[in-house]
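J.: Starting from the known structure of chain A, arrange chain B on it as the hints suggest.
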Amino acid sequence: MAVNFFYFFIFPGLLFTAVTGAFLSWFDRKITARVQFRKGPPLLQPFYDFFKLLLVKETILPKHGSPVLFLLAPVFGVIGAVLAGIFILLPLFDITTGFKGDLLVIFYLLTIPSFSYITGSLASGNPLAAIGGSREMKLIMSYELTFLLFIAGIIMKCDQQFDLYNIIHAQQTGSPFIASISGVLLFIVGVFCIQAKLALVPFDMPEAEAEITEGIFIEYSGPAYALIKLTKYIMIFILPALLVAVLMNGFRLEGINILWAVLKILLVVLILTLIRNTNPRIKIKQAIGFFMIWMNLIAVIALVLISFGY
Amino acid sequence: MAIKIKKVGFKNYCFKKSLWVFHFGGASCNNCDIEILDCLTPRYDLERFGILLVGSIRHADVLLVNGSINKRDKDRLIEIYNQAPKPILVVAIGACGCTGGIFAEGITFAGPVDRIIPVDAYIPGCPPKPEAIIAGIVKLAGR
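If you're matching them up, the sequences are chains A and B in order. Its first residue numbered 1, the first sequence is counted upward by one per residue in my numbering. Its first residue numbered 1, the second sequence is counted upward by one per residue in my numbering.
The shape of chain A in the complex, shown without the other chains:
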C-alpha cells in the first residue's frame, strides 16, 4: 500500500514528473529564446511561475457559471496526467507492479487533461473560453483517430502485444522500431499528435493568445491556474517519454545509457520546440484537414508497410 502511494506521489508520480516537466518547460522556453536571438529566462523560472500562482495570487470565481466544476476541472487534469505518467514511466524504469502497462489505458488517460480543460472553460461562462473550448473539442476529434492509428501501428509492429513492458523489451532485444521505414513514418505522425495534444503553436488555437486571449484558460487565476501549469509541465514530459518508449528503445538505466535516455527526451522536446518556433498558428479547419487527410494517410501507409514487414 505504502509503495503504491510512493509510486503515485513521489517517483515516478507527481513530484518526479512535475519537476522534470518544469525543467523541460524551461528548456522549451530557452530554445525559443535562442531561436529568436534572445537570452531567455533563468533555469528556475517555471518554479517561480508555479509558486507565485499557487502561493501569492488569489483565485477569482466566475459569477455566471459553475464555480465547483470550474475549480474541480484543473484537479481532474492533474490526476489524469499523473496517472498516465505513472503508467508510461513504470515500464520505462522497469518497475514491475500488478499493472501490465496496457497502451489503450494510456491512450484514454492521456485525453483526460484535454477534457478537463474543456469542462473548466465551459464552466467559466466566458464567451471567449467557450470559443476556446469548442476549438479544443474539434482538435481532439481530429487528432484522436490519428493517435489511435499510431498506437495500432506500434501494436502491429510488436506482434499484437498491448503492454508497454513487452514493447520496450522487444526493442531492446531486437532493434528500435524507429530504425525502419514504417517506424520513421510513425515517428512523424506521433510528433504531430503530441504537438496537438500539448497545444503548441501550429495547433494552439484553443488558447490563441493574440486572438482570443488564452481562450480556455482566460478566467483562471491563482492556485487553479497553477494546477493547469502543473498539468502542462507533466504533459510536456510524459508525451515525449511515451514516444521514446514505443519507438526509440525506451530507457536503459545503467552507466552511460542514462545519458542517452536524457538526450532522447531532450531530442523529442527539441523537435517539438523547433516545429513550434518555425510555424504560424493555423485555422481549426486546416488542422482538421491536416490530421484527417494527411496524417491519417501517412499512418495508414505505415500500417500497410508494417503488414508487409518493412
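It should be emphasised that the hints constitute simulated quantities derived from the structure, not laboratory data. Keep in mind that a hint or two might mislead.
Just the calculated beta-carbon pair ranges, DEER-fashion [said to hold, decoys possible]: (1) B:Ile-102 - A:Leu-263: 55 to 63 Å; (2) B:Asn-12 - A:Phe-23: 19 to 27 Å; (3) B:Glu-79 - A:Arg-281: 24 to 32 Å.
Just so you know, these numbers come straight off a predicted model, no measurement behind them. Even for Gly, the Cβ is constructed at its ideal location relative to N, Cα and C.
T.: Below, chain B without anything else, positioned relative to chain A:
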C-alpha cells in the same frame, strides 16, 4: 510609492521573479505602446527577468497603464483593476499616465491614473525609452 510588498520571503521572492504584465492603453498616441513592445523584443528581452506579456487580466501581476485617461476610459480602467487577482502592481507609463501631460486641462480628461486607482511606480517620459521602462520595473521588483 503607495503599496508596499516589503515582506521578504519565499512567496515575495517568487512574485518578484515572475511578474506577468497586462497592458492597458488609454487614449494613447501609441508611442508608449510601441516602446512597451520594444521591451519584449530581442534587443531588450524582458523575459530574462521572468516578465511575460499575458493576454488575460486574470493572469496578470502588473497592470501597465499608458495614455491619458479620459471619461470613457475611466470606467474601463476601474473595471479592469477590479477584475485583476490581487496582489496587483500598477505602473503608470509616460507623461500622460503620470500627470496628464499636455491633456491635463482638456475637457474630456478624467484625471491622471493615480487619482483613479492606486499606482506603485511612475515612469515619466514622452515616450519613456525602453531602458527607462526596464529600470522602473527592476526598481519595482527590487523593493
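J.: So, for every hint listed, does it hold in this structure?
T.: The hints, checked one at a time:
1. Taken as a hint, the range 55 to 63 Å holds for the pair B:Ile-102 and A:Leu-263, whose Cβ atoms sit roughly 59 Å apart.
2. Separation of B:Asn-12 from A:Phe-23 is about 24 Å and conforms to the stated range, judged on CB atoms against 19 to 27 Å.
3. The supplied range of 24 to 32 Å is met by B:Glu-79 and A:Arg-281, whose beta-carbon atoms lie about 29 Å from each other.
The structure shown violates none of the earlier numbered hints.
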